[in-house]
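S.K.: In case you want the letters, here they are:
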Amino acid sequence: MKKKSKNLIPYLMITPYLLHFLLFVSFPVLFSIFLIFHRWNIISPMEFIGMGNFSRLAQDSYFWQSILNTLLFLVIHIPLQLIVALAFALLLNQPLKYIGVFRASYFLPVIVSGVVVTILWQQLFGYENGMLNRILMLFRVPRIGWLTNPNVAMPSIAVMATWKNVGFYIILFLTGLQTVPKTYYEAADMEGAGYWAKFFYITLPAINPTIFMVVVLSTIGGFSLFIEPYVMTGGGPLNRTLSTVLYIYKQGFFFYHMGYAATMGVTLTAIILTVVMIQKKFVEKNS
Amino acid sequence: MKKVFLGICMSLVLLLNLSCTKHGAGEYGKVLYWSSSNTDEITYARYVVEKWNKEFPNEPVTFQPVPEGQSSEEVILAAVVGGTTPDLYSNMWQGDVEYYARAGKLVALDTLPGFNEFIYNRCDSAVVEEVRSTDGHIYQIPWKINPIMMIYNKGMLAELGYSKPPRTYSEFLHVAQVIKEKYKVNGYPTKWAGYAEVQVTWWQRWFDYYPLYLAASGGKKLVNGNKAVFDNKYSVDAFSFLQTLYANNYFPTDRLSSGRDPFLGGTILTRFTGPWEIAHAEKFKPDGFTYGFAPMPVPDDFTGEPCTYGDTKNIVIFKTCKSPQLAWRFLKEFLEEKNEEKFLTITNQFPRRKDLVTNKLFSDYFSRNPLMLPFAVQARHVIGPDICPVLKEVFDVISQEYEACVVYSKKKPAAAVTDAAKAANLVLMQ
Amino acid sequence: MKKVLSYALLAVGGIFFIYPFIWMVSASLSPEKDIANLILFPSQFVFSNYAQVYEKIPIVSAFYNSLFVALSVTGLVLVFSSMTGYALSHMYFKGRDALFYLIVFTMSLPFQLTLIPQYILMVKFGWVDTYLALIVPYVISGLGIIIFRQYFKTIPKDLIDAARIDGCGEFKILFRILWPNAKPAIITVAILTFMSSWNEVLWPIIVIRNEKLMTLPQLITLFAVGGRAESQLGVKLAAAVLLALPVVIAYSIFQKYFIDSMASSGLKE
Chain A
1 MKKKSKNLIP
11 YLMITPYLLH
21 FLLFVSFPVL
31 FSIFLIFHRW
41 NIISPMEFIG
51 MGNFSRLAQD
61 SYFWQSILNT
71 LLFLVIHIPL
81 QLIVALAFAL
91 LLNQPLKYIG
101 VFRASYFLPV
111 IVSGVVVTIL
121 WQQLFGYENG
131 MLNRILMLFR
141 VPRIGWLTNP
151 NVAMPSIAVM
161 ATWKNVGFYI
171 ILFLTGLQTV
181 PKTYYEAADM
191 EGAGYWAKFF
201 YITLPAINPT
211 IFMVVVLSTI
221 GGFSLFIEPY
231 VMTGGGPLNR
241 TLSTVLYIYK
251 QGFFFYHMGY
261 AATMGVTLTA
271 IILTVVMIQK
281 KFVEKNS
Chain B
1001 MKKVFLGICM
1011 SLVLLLNLSC
1021 TKHGAGEYGK
1031 VLYWSSSNTD
1041 EITYARYVVE
1051 KWNKEFPNEP
1061 VTFQPVPEGQ
1071 SSEEVILAAV
1081 VGGTTPDLYS
1091 NMWQGDVEYY
1101 ARAGKLVALD
1111 TLPGFNEFIY
1121 NRCDSAVVEE
1131 VRSTDGHIYQ
1141 IPWKINPIMM
1151 IYNKGMLAEL
1161 GYSKPPRTYS
1171 EFLHVAQVIK
1181 EKYKVNGYPT
1191 KWAGYAEVQV
1201 TWWQRWFDYY
1211 PLYLAASGGK
1221 KLVNGNKAVF
1231 DNKYSVDAFS
1241 FLQTLYANNY
1251 FPTDRLSSGR
1261 DPFLGGTILT
1271 RFTGPWEIAH
1281 AEKFKPDGFT
1291 YGFAPMPVPD
1301 DFTGEPCTYG
1311 DTKNIVIFKT
1321 CKSPQLAWRF
1331 LKEFLEEKNE
1341 EKFLTITNQF
1351 PRRKDLVTNK
1361 LFSDYFSRNP
1371 LMLPFAVQAR
1381 HVIGPDICPV
1391 LKEVFDVISQ
1401 EYEACVVYSK
1411 KKPAAAVTDA
1421 AKAANLVLMQ
Chain C
2001 MKKVLSYALL
2011 AVGGIFFIYP
2021 FIWMVSASLS
2031 PEKDIANLIL
2041 FPSQFVFSNY
2051 AQVYEKIPIV
2061 SAFYNSLFVA
2071 LSVTGLVLVF
2081 SSMTGYALSH
2091 MYFKGRDALF
2101 YLIVFTMSLP
2111 FQLTLIPQYI
2121 LMVKFGWVDT
2131 YLALIVPYVI
2141 SGLGIIIFRQ
2151 YFKTIPKDLI
2161 DAARIDGCGE
2171 FKILFRILWP
2181 NAKPAIITVA
2191 ILTFMSSWNE
2201 VLWPIIVIRN
2211 EKLMTLPQLI
2221 TLFAVGGRAE
2231 SQLGVKLAAA
2241 VLLALPVVIA
2251 YSIFQKYFID
2261 SMASSGLKE
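Residue numbers (the numbering used here), protein chains in the order written: chain A, 1 to 287; chain B, 1001 to 1430; chain C, 2001 to 2269.
Hints were generated in silico from the structure; no laboratory data involved. Cβ coordinates follow ideal geometry from the N, Cα and C atoms, glycine included. Be careful, since some hints might not be right.
Said to hold, decoys possible - Pairs of lysine to aspartate or glutamate residues, derived as EDC-like cross-links and limited to a Cα-Cα distance of at most 20 Å, are as follows:
1) A/K250 x B/E1074
2) B/K1411 x A/D60
3) C/K2056 x B/D1040
4) C/K2033 x A/D60
5) A/K250 x B/E1073
To be verified - The calculated label-pair distances, taken between Cβ atoms and stated as ranges, are:
6) C/V2104 x B/N1224: 52 to 58 Å
7) B/S1409 x A/L22: 53 to 59 Å
8) B/T1290 x C/N2210: 57 to 63 Å
9) A/A270 x C/I2249: 38 to 44 Å
10) A/K198 x C/R2176: 48 to 54 Å
11) A/F48 x C/R2176: 50 to 56 Å
12) C/D2260 x A/A270: 31 to 37 Å
13) A/L90 x C/T2154: 42 to 48 Å
14) A/F34 x C/D2260: 53 to 59 Å
15) A/L273 x C/G2095: 23 to 29 Å
16) A/E186 x C/I2015: 34 to 40 Å
Please build the complete structure, drawing on both the sequences and the hints.
M.R.: Right, here's the structure in full:
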């Protein structure tokens, strides 16, 4: 039997966590739920407005545009991410020399700050003299307004985000690939299965959980876009790269509509959870 | 491990102490004044403060430039939120004042002794009404203005065969077309009639749409009370004019390279700008380059003197001030006419006084700086932003429609203005 | 033959990822007018862009701010996460399992939900424009707790029981026995925490307005977005290079640890 005095020590150990949880998790969540029914600009007293924030949200075309923008981003980013990361992981999953060098190079964009990547790609996407357009001009293809054409801007950001993060997902896939028991492949070889058959019937199902994780992490990442549009486009052109977090930032920290911004935060969270749950159902169906 | 624990506690205490450095706000018997971070304004502030402290050593005034941040606006807001505001602040944008007034953060200046007499002495009654808050009090003193006008390249104008700068939209578009046809290489234009930033940033409209609107409408408001009132033909005319400029490539949509100033380099004929342009132009202009100033272009059926936007900055006293009477006395000294003459000379910015052109004290300055005269004359017809706590957002909303209509030609001007008004009303209802 | 193809593809991929960085460094060392024609190496090396960055913004103080914040956060995270991880792995108390699920649930809470109230908390505490606002919200890392818990579980129970019988206090056990034996976990958590703290930019932009306290990514962001770089590409790119440099240097030294840490973080998700 443990002595009474010892029983307090575990609670002491977890006190920092509990304190932090109280302050930075439970208070924010509860206060959010309170705040969304009020109007508040920090320097004036709070005003109760019932569902006022929600009725404004329903009519706010910028918010819904930002959701659309994010969905466009995800539709391009997720498949690109999956294909590229898996392809490279498969390539790296062989006994090759210089693996370390390759891995290091793919990983570099991951660890570097998003700000660096954004500033760098803003120049590569430049209309007049950006590297991408210079390559196009070399082939006598007319220039593309990567960041200035409203229809191309968000896809450009999606490609850049893929470039930045794919290294991380390559590592994930590599780890996943390496857990597939070699015996499966050997058995398949004995049955005379070709490369693609092995891929579709052994590899893919085995790394299903990894695929799911990549999808979910990319989704959450997509809904958290901030620094890229903030630095590169300011949300334009025509608000087509406006991310929801950027819009929340604008409403909350530029115009100081705390209640409204909190409302958007709550709504966005609900949307994220819904999307992830749909993805989970989809994956479970296809398991 | 006990040592580790102690170490952590000590560092936390240290951190707590590090964070507690609040500037002395609201001390009795003293006044803290924040100037802007403009070097000339700092020079002037230093001059007046030193003069004051010599004369009144027992009632000291200290000053510092507003702390550095992304924008002075943000810094002020952070100070208001944190309760670390100065007593006096001189660089507040007129459009921001109502926001702070409604939150009860500013002293109602008209409750100070002698204020009403002072302000009617200083400004036209129209200007006084312009800065009166919706609750009837006055929370700001008009301090300085920088009227927006059109600078034009005299030499280039003569080359095109004109003796006077364009006055109306039609005249302007006509000149623009002549430029487009005359200066091109391989079908690409090499010179333009003018240039304005196409950024959607909310304050960019102070240099294109807003002064045009004010000129066209004779100084109408954007917002009255809780409603947007700019949904009128003057807005549509201004949007239309600007849209045509971009659609016909009279104004370039690409950013002109930052290397050389496009105006001084002779690439553009005009620019909508303020008096600060003069100092820059005098310093960097090539030999033989001559330029002049004209009012903003107006619709063809316009008659009379055009108004313009004045980028008005005003002085406020924060409620945290413990000695408002002392602050007021210093303020009167700050705005006294002989000191203001010094201000004019040092900073080349106009005090917003009704006697700017008539007061003999200032005439010496104007004879030394004849290029400033057009601005001084225009200063009689300068309008500042409306009294509205969410004016920034209204400008932001207008900028969004501006982008869609003027820059990308995706909307007709009438539709863009209506949509802007609708969105503005949504914002104003909050 | 398959191998040759693999090498070729990997090499091309490698170029895709590395070339932009090389271009960035070269452009930052070129005179402004040459950047439009730059392909790989500048025609002449100039350091003026870097000089301008140094003149225009307080980059050194920002570097120290980032360092101070990241080190503080990492240190505190290591301490607090290992404490909680230890409690969850080798101690028995009421609500232990509930706590574990709570931690996992909290980790999946999107920051968008807590952002605004957390800011308001900073305002009410008077922590805006202080180091406290940058450090305290980050001193607990759910991932850190889970990594430590996982690792501590692999340490034989007998070792700990023996220490307890000897009369060793729990904190002493944690720091004198577990820590020395948990180096991989410590390194993983340290790297992950340091990196994410160093690169954090949205939060500093929100809570820090005073330039003297800005962190390095925050300062460079505002420099790139605001007008002070005056559209000089070389200067902006120089600023970006300076921002990337510390992490790249750390990466080249600790490369293996970086990659392993990130891999295990993915596994924990």
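S.K.: Could you run down the list of hints and mark each one as holding or not?
M.R.: Okay, the hints, checked on the actual structure:
no.: 1; hint: A/K250 x B/E1074; verdict: holds, 13 Å
no.: 2; hint: B/K1411 x A/D60; verdict: holds, 19 Å
no.: 3; hint: C/K2056 x B/D1040; verdict: holds, 19 Å
no.: 4; hint: C/K2033 x A/D60; verdict: violated, 44 Å
no.: 5; hint: A/K250 x B/E1073; verdict: holds, 15 Å
no.: 6; hint: C/V2104 x B/N1224: 52 to 58 Å; verdict: holds, 55 Å
no.: 7; hint: B/S1409 x A/L22: 53 to 59 Å; verdict: holds, 54 Å
no.: 8; hint: B/T1290 x C/N2210: 57 to 63 Å; verdict: violated, 45 Å
no.: 9; hint: A/A270 x C/I2249: 38 to 44 Å; verdict: holds, 42 Å
no.: 10; hint: A/K198 x C/R2176: 48 to 54 Å; verdict: holds, 51 Å
no.: 11; hint: A/F48 x C/R2176: 50 to 56 Å; verdict: holds, 55 Å
no.: 12; hint: C/D2260 x A/A270: 31 to 37 Å; verdict: holds, 36 Å
no.: 13; hint: A/L90 x C/T2154: 42 to 48 Å; verdict: violated, 31 Å
no.: 14; hint: A/F34 x C/D2260: 53 to 59 Å; verdict: violated, 43 Å
no.: 15; hint: A/L273 x C/G2095: 23 to 29 Å; verdict: holds, 25 Å
no.: 16; hint: A/E186 x C/I2015: 34 to 40 Å; verdict: holds, 35 Å
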